[in-house]
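Engineer: This is what each chain is made of:
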Amino acid sequence: MDEIQIAIAERVAEEQRHHKMAQFFWVWAALLLMTGIEVYLTYQNMAPVKMLTILMGLSLIKAALIIGFFMHLRYEISRMKWITMCSVVACLILMTIFFFPDAERIVTLGVK
Amino acid sequence: MADRVVTHDIPSAYEPSLFGTYSKKIGMWLFLMSDSLTFGALLYAYSYGRISTPNWPTPFHSASIVNATIMTAFLLTSSLTMVLAVRASVQKDAKMQTLWLLATIACGAGFVILHGMEWSKLIAEGMTLPFFPPVPGHDVSAEFANVAKTVPQFPSTFFTLTGMHMLHVTLGIVYLGVVALRKKFIPILVALWLIAWLGTPSYSPFHYGAHVLLVAAIVCAIILWLKPKVYDSSDVEVAGLYWHFVDLVWMFIFPLVYLMSARIL
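Listed in order, the protein sequences are those of chains L and Z. Each residue of the first sequence is one higher than the last, beginning at 1 in our numbering. Each residue of the second sequence is one higher than the last, beginning at 1 in our numbering.
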């Protein structure tokens, strides 16, 4: 790495020295708890669409915790947060628009 | 080879980073963004198959769900140990950094072993792909054989999605091993390859899949020979980003593939 890159890396490391250790354990416990809730809900005989909605909701919360705390994105500057997240989410929305109406059409039309 | 600093006389040639961080980290984020689309496409393909197939099977009994839950716990714990390794690295505590990285590798290895056992069980019971050789001396379960025959999309998407993720975890273990132990990890990797190759029967997909470790050992040996270096906190953090990403992907695979296909009696 050149000098500027080393200086930036040292500044980032300096900022991370102040991260509290306890919060990582809280996040880990929350992730385990949500996993336990997901497994519990699986055996509650819910309607598939309702269960899928809840499971995906919990998965998104878990993903946000991992990205925010473990991947340290919440400590990055807002430009980094917005550009990375918006681009990925935009691509996933495009895939949703593209795929799901077609999958549903097959079911609705009874094509097997 | 030492890193070279390129200098020139153009004022303001080096502007502050647009993203406020060092380029290695930005590079890893860009890679992870592209990889998330790879997994996104696979997850969407799985979901497409699920929605458009009326008789989608629910073959995972409680033993499989318990196994997958333990695998999830392994991955979540590995993310915690990884973040503690990053913390140790920024505090320049080399010993703890290595220990936490090895703990992360151990949790990742636990995940891969459990996942491999799950795959082997499913294949032996008949939920297999056409190009997987049959398992000799094992009774095929009518239920799983029927799933593979009537809804071939299920084993195809299941093995592709979980296999891709298992490959990522395996490469993550190799990555962390190199960051933690550098050249010392190469003979360990070769030993792991031999154990995985010779310790699995010839009909197992892992018998051939083990060669990924050999390829990884060769690539890592070349990289370490061309650019030997002591990995600093930035390298550990970048490796951590990759590791957390494979954990993140599993948070979607676990409910979509396992929990939504659980057999409820």
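Hint data in this document are derived by calculation from the structure and do not stem from the laboratory. Mixed in with the good hints, there may be bad ones.
Across the chosen pairs, the derived CB separations fall in these ranges [said to hold, decoys possible]:
(1) L:Ile-61 - Z:Ile-218: 17 to 27 Å
(2) Z:Ile-222 - L:Val-89: 36 to 46 Å
(3) Z:Thr-98 - L:Glu-10: 18 to 28 Å
(4) L:Ala-29 - Z:Met-96: 18 to 28 Å
(5) Z:Gly-137 - L:Ile-61: 28 to 38 Å
(6) Z:Ile-222 - L:Pro-48: 28 to 38 Å
(7) L:Ile-6 - Z:Thr-98: 33 to 43 Å
(8) L:Glu-15 - Z:Lys-149: 50 to 60 Å
(9) Z:Ala-191 - L:Glu-10: 33 to 43 Å
(10) L:Leu-33 - Z:Leu-214: 36 to 46 Å
(11) Z:Ala-145 - L:Phe-100: 50 to 60 Å
Which bits of chain Z does chain L cover? Going by a derived footprint, with three or more residues having C-beta under 8 Å, they are [what the hints assert, rightly or not]:
(12) 78-89
(13) 95-107
Here a beta-carbon is modelled for each residue, glycine too, at the ideal position from N, C-alpha and C.
Engineer: With reference to the structure, classify each hint as holding or not holding.
Structural biologist: For each hint, the structure was consulted:
1. L:Ile-61 - Z:Ile-218: 17 to 27 Å: 41 Å, violated
2. Z:Ile-222 - L:Val-89: 36 to 46 Å: This hint holds: roughly 37 Å between Cβ atoms.
3. Z:Thr-98 - L:Glu-10: 18 to 28 Å: 21 Å, holds
4. L:Ala-29 - Z:Met-96: 18 to 28 Å: Given range 18 to 28 Å: holds, Cβ gap about 21 Å.
5. Z:Gly-137 - L:Ile-61: 28 to 38 Å: 46 Å, violated
6. Z:Ile-222 - L:Pro-48: 28 to 38 Å: Between Z:Ile-222 and L:Pro-48, where Cβ atoms are some 49 Å apart, the hint is violated.
7. L:Ile-6 - Z:Thr-98: 33 to 43 Å: 22 Å, violated
8. L:Glu-15 - Z:Lys-149: 50 to 60 Å: Holds, at about 57 Å.
9. Z:Ala-191 - L:Glu-10: 33 to 43 Å: At roughly 37 Å between Cβ atoms, L:Glu-10 and Z:Ala-191 fall inside 33 to 43 Å, so the hint holds.
10. L:Leu-33 - Z:Leu-214: 36 to 46 Å: Given range 36 to 46 Å: holds, Cβ gap about 40 Å.
11. Z:Ala-145 - L:Phe-100: 50 to 60 Å: 31 Å, violated
12. 78-89: Holds, because 8 residues of the stretch 78-89 of chain Z bring their Cβ atoms closer than 8 Å to Cβ atoms of chain L.
13. 95-107: violated (count 0)
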